[in-house]
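Colleague: Take a look at the letters that make up each chain.
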Amino acid sequence: MFLATVAQQAEPNSFPLQLLIIFLAAALTDNILLTRFLGMCSFLAISRHMKTSIGLGIAVIFVTTFTAGINFLIYKYVLVPLGIEYLQLIIFIVVIAAFVQLVEMIIERFSQPLYFALGIFLPLITVNCAILGVSLFMLNKQGYGFWQSVTFGAGSGVGWLLAIVLMAGIREKVKEDKVPPGLRGSGITLIITGIIALAFIGFSGMIKF
Amino acid sequence: MSNLQLFAIGVGSLCLICGILAVLLVIADRYLNDYGECKISVNDGEKELNVKGGSSVLTTLKDEGLFIPSACGGRGSCGMCKLQVDAGGPPVLPTEEPHLSKEEMADNVRICCQIKVREDMEIRVPEELFSIKEYEGSVESITDLNHDIKLVRFALPEGEELNIIPGQYVQLQAPKYKKNPEPVYRAYSVASDPLDKTHVDLCIRLVPNGICTTYVFEHMKEGGPAVFNGPYGDFKLSETDKEMVFIAGGSGMAPFLSMLAHMKNEGIDRKVTYFFGARAKRDLICLDEMKAFEEAIPNFTFVPCLSEADPDDNWQGETGLVTTVMEKFFDDLSDKEAYLCGSPGMIDASVVALTGRGMKEENIFYDKFA
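In order, the protein sequences belong to chains A and B. The end of the first sequence is residue 208 by numbering that gives the first Met the number 0, with every number in the run present. The end of the second sequence is residue 369 by numbering that gives the first Met the number 0, with every number in the run present.
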């Protein structure tokens, strides 16, 4: 509601505002993990501890932001001119995998502290479907330019971080609880994820775009 | 544009993009991932390894012939490949934390698949890992213990010895044969007397369609070659004087044969009751050996239990499930230890029965074979 009012009052073409709306929509209403259930495998595996969840979440933000930008440029300046848009899926995968590897090697070499805080998570998310999802979904959005795509990437990453941090908080509590044996681990986590997802879908009732 | 041209553009640009990225990665790997030659000193210089830096400690050591047990193959999910890194390791990584206790962290224990070799290192490896080796031995004899279990005795190659702690296992290789396109390894507990260092006995039960057991039952011949590596595992007798309960049926008897031989050799007189679960008389194995152990070890009792005895069996002994019989023997297990070997189902049921009689979980030791 707040967003909707802001959006109506402000100039419809105001560029920073447009970016803000894209960002918030990607992080909350369109949360890639909770509304589309992408990136579940690392979400389930890593959300056991708060510290690792934050590290992995930041790594995801970093990678979604950059790969959204790179993939947008490749799409616009390579795939479209050559008329080979149908190859987007495979090319995006290759680009993401190569980018992640490259970044990992670079930070490992040049900044040890950064590597230990963030770099070790990179191999875990090379094949994270949320990251590929961001690159593919941004092409479905009407009229996204370079900056809109980058913002969409960053927003989706922040949404993913938000989801995994929420989950880690809950799981640290659930650890103490008596969960029926059959539901321990992934079972109860998936049920909790479903409940959080319902809450997040509630957000989409707040803005229309 | 013709279809052919479209096809050429598609394939061409795909190859080009992948090619560019691959070249980029190769160049980066060459210049960024080059840590030069590093020296790893194992156990205070007992062994000096000169290795190429850049890969994980686990794979580097494996290339040097030092096998650290690892179940997940280096993905950081099993937490088995622990060793002590005294110098040259990075701070504890978040991917290691879930597997390490506070005491272990203070002791420099690390998950060695997660850390890379980038400088000279000092590491400490449990002595017994040095002895993990691959042996190209031969099959000395194959004996039927009952209708579906065979005792296979392997001879080590001339001049080599295998030191096992009773309870440990080896991995036996099933080579390529008709139904098996690639060599695979399967784990079997060692059943032989630990004093006999030139032979390895394994109890192998036929698993219908099992790759390795089919090989043993249908293709393995006395005198033929056999490849195995080991020893692995930390299933062993504790160093206390507590009374012990053994529970195992079928080929799960293997580690206990070795443990009992050890107790006989060393004159260990801890009280032991061994519950052996079977369906009918035809499933029982090694009754003569057990009788001999009962005579040689004063405090040892062997209790075979039949759950579905045939009327023809004329069975005078215990009947019912092995857990029920165990419960009949003991009211209070709080000061005793249990050793289990068998299928996950049997172990889980036994753990429930044992804890139900007051046994502490930390006093239950087992080897689970799926």
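FYI, nobody ran anything at the bench for these hints, they're computed from the structure. Mixed in with the good hints there might be a few duds.
[Stated by the list, open to error] Short, incomplete list of chain B residues facing chain A, as computed with Cβ under 8 Å:
1. 17
2. 22
3. 25
4. 27
5. 92
None of the values given here were measured: they were computed from a predicted structure. Even for Gly, the Cβ is constructed at its ideal location relative to N, Cα and C.
Colleague: Now tell me if each hint is right for this structure.
Modeller: Here is how each hint holds up against the structure:
no.	hint	result
1	17	holds (6 Å)
2	22	violated (10 Å)
3	25	violated (11 Å)
4	27	holds (5 Å)
5	92	holds (5 Å)
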